[in-house]
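Let the hints inform the model, and build the full structure from the sequences given.
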Amino acid sequence: MKEIVVLSGKGGAGKTSITAAFAALGAKDLVLADCDVDAADMHLLTAPEIQVEEDFYSGKVYEVKTDGCVHCFKCMKVCHFDAVSHIDGEFVIDPMECEGCGYCYQVCPTRTIEMHPRLAGKFYVSNTRFGNTLVHARLGIAADNSGKLVTKVREEAKKMALEQQKKYVLVDASPGIGCPVVASLTGAHFVVMVTEPTVSGLHDLSRVYELIRKLKLKSGCIINKADINPEMAGQIKQFLEENDVPLLAELPYDVRFTEAISQAKTIVEYDQGALREKLVKAWEEVRELTDK
Amino acid sequence: MQIAIASGKGGTGKTTLAVNLAVLLSEKFSGTGQKVLLADLDVEEPNSGLFLKGDLIEEQVNYRMVPDWKEDKCTLCKRCANVCEFNALAFLGISVMIFPELCHSCYACSDLCPEDALPMEKRRMGVTRRYRLNESLEFMESRIDIGVEQATPLIEQTRKYIKENYDDQWMVLLDSPPGTSCPVMEAVKDADLVLLITEPTPFGFHDLKLAMDTMGELGKKYAVVINKYGIGNDEVLHYCEQKQIPVIGKLPHLTEAAVLYSKGKNMVDTLPAIRNEIEKIYSGILKLTEDRA
Ligand code: SF4
Ligand code: SF4
Ligand code: SF4
Ligand code: SF4
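Chains E and Y, in that order, are what the protein sequence lines are. For the first sequence, counting from 1, position 2 maps to 2 in my numbering; every step adds exactly one. For the second sequence, counting from 1, position 60 maps to 1060 in my numbering; every step adds exactly one.
Simulated from the structure, these hints should not be mistaken for lab results. Note that the structure is predicted; figures quoted are calculated from it, not measured. Misleading hints may appear alongside valid ones.
Here are the simulated lysine-lysine pairs, DSSO-like style, with alpha carbons at most 27 Å apart [claimed, not checked]:
1. Y/Lys1035 to Y/Lys1163
2. Y/Lys1250 to E/Lys265
3. E/Lys148 to Y/Lys1209
4. Y/Lys1280 to Y/Lys1250
Partial pick of chain E residues on the chain Y-facing surface, computed with a CB cut under 8 Å [as the list claims (entries may be wrong)]:
5. Glu99
6. Gly100
7. Cys101
8. Thr198
9. Ala264
All C-beta atoms, glycine included, are put in the ideal place defined by N, C-alpha and C.
Now the structure itself:
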């Protein structure tokens, strides 16, 4: 079982559309994992039937019980996040500000501060209309996107793939280069970088690639909306050549991507022409490079 | 006044709106004593700077505090490892190891160490740079170092810096990081109004609702701007009407806009249709922030 991660330096490059297209093409060979837990969109294109729904807890929140407090102000003094306030003679912890470090809990002489697990989000396993499993999640409001939920989604997807004897886990990674991305990348067998030919596109690509190189992963690149700026697309291609990264596809700027989304379809279902062909070829190459 | 520009997800046009609004306002403010600051708080990938070139006027390295283990003082009592909630500190029997990328700088281990063996020390997090473009426009960005895992502390420091250094003379525009988790919440903390930018597609609609939930939770006043208006459908518009959420601008979908964006150029100077909408957005901002006062 191999793991393929689709990634882009920034949102909006078309990562989800492309991952969904691969998911439709790979269909029964794979388990799909949506690691963009902050703004998971894959379910909009795959119309999943939810089979499992679970609460996901990560970290802790602290709360002051009023009984027993001797008003020593210690909790308020030690908190480095200004989460404790003294309101109407009582100590209150603002759950939005609290980092969950437990320092106040450690120093409270009367054990008046309680510790609770923090509800970080929800986690789902679903069946998609492509006949495969989608593992996805939704991060709760104000929850820390520390990568733990991403890790959980990946682990669960891998488990499913092994159980169902699938060849691949296909991961839609979260955007950016922060900890959720590192959590979606480590240990992957192949990374598909999706970029667009804009000034920021090349810049984000080089940052993402730096991370991929640090993690010593195999990768390839898809340039989306390649025709909006041929000169920049040329610079991106040069960058890929210099770094020996295979160019998997160059896709044109095409309103059919948006039309497909508006009808909740993947582009390979909506378009039967050149776009579909390019993506079919790209997917074949990804499989080849992954299996190598 | 602080206006934050946010969106549930990246790629919806935050930077486009922020840059073009900043340029338009600086033209309007020219000679009036009023000024605009555009601050890019998307510290993982600050991109606004690709559109605004100016003279560097200040550069500052940002640090955060992380404990440093002093072997000679430590009695190996293990207390530190017991207090750290984030596993940023491991007790290895004969030594203590620190994982700076996991540390939240809470000071618990350092303060509670009976031997003073864990003094908090500075660690580099990233850089903040300020640029001046003209007498009424400044631009600022913070950029996290590669390998630094947490964006929020750098955003927090930048936010405080802005609060301390820019007075009422300044209209501050904040280009926020994408998403709905900690970094965005940190970025919009001081904003008087949040502009949520979205696209008229099912993706856009879905992400917008998440972003609205987040703003609602924070008690932030917000308005919606629709980008690439003309593609997709009217779901977003209908929803906002129904919920009485102000939609203060609709940036038309223009291929020229995508081309200009790809070249790192602003649109207000060459595309009248965009300029017009940015003007409307500014009036909308004024109206909504007056209501508040
Ligand atoms: S747990 Fe930490 S952050 Fe939360 S209130 Fe206590 S000291 Fe402050
Ligand atoms: S540390 Fe405990 S006893 Fe002291 S003020 Fe806080 S809650 Fe009350
Ligand atoms: S608390 Fe201080 S003395 Fe005890 S093990 Fe940790 S560093 Fe060493
Ligand atoms: S400062 Fe807090 S988070 Fe950092 S190592 Fe010490 S206890 Fe852990």
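Hint-by-hint comparison with the structure:
For the suggested pair Y/Lys1035 and Y/Lys1163, the alpha carbons sit about 15 Å apart, so the restraint of at most 27 Å is met. A distance of roughly 26 Å separates the Cα atoms of Y/Lys1250 and E/Lys265; the hinted pair therefore holds under the 27 Å criterion. A threshold of 27 Å between alpha carbons decides the hint, and for E/Lys148 with Y/Lys1209 the separation of about 24 Å falls inside it, so the pair holds. Simply put, Y/Lys1280 and Y/Lys1250 have alpha-carbon atoms about 9 Å apart, close enough for the 27 Å limit, and the pair holds.
Because the beta carbon of E/Glu99 sits about 5 Å from the nearest beta carbon in chain Y, less than 8 Å, this interface hint is met. Contact between E/Gly100 and chain Y, as hinted, is supported at the beta carbon level, the nearest pair being about 6 Å apart and thus within 8 Å. Evaluation of the E/Cys101 hint against chain Y yields a held restraint, the C-beta minimum of about 3 Å falling below 8 Å. Of the supplied interface hints, the one on E/Thr198 holds, with its beta-carbon coming within about 4 Å of a beta-carbon of chain Y, less than 8 Å.
Nearest Cβ of chain Y to the Cβ of E/Ala264: about 6 Å, under the 8 Å cut. The hint holds.
Hint violations for this structure: none, all hints satisfied.
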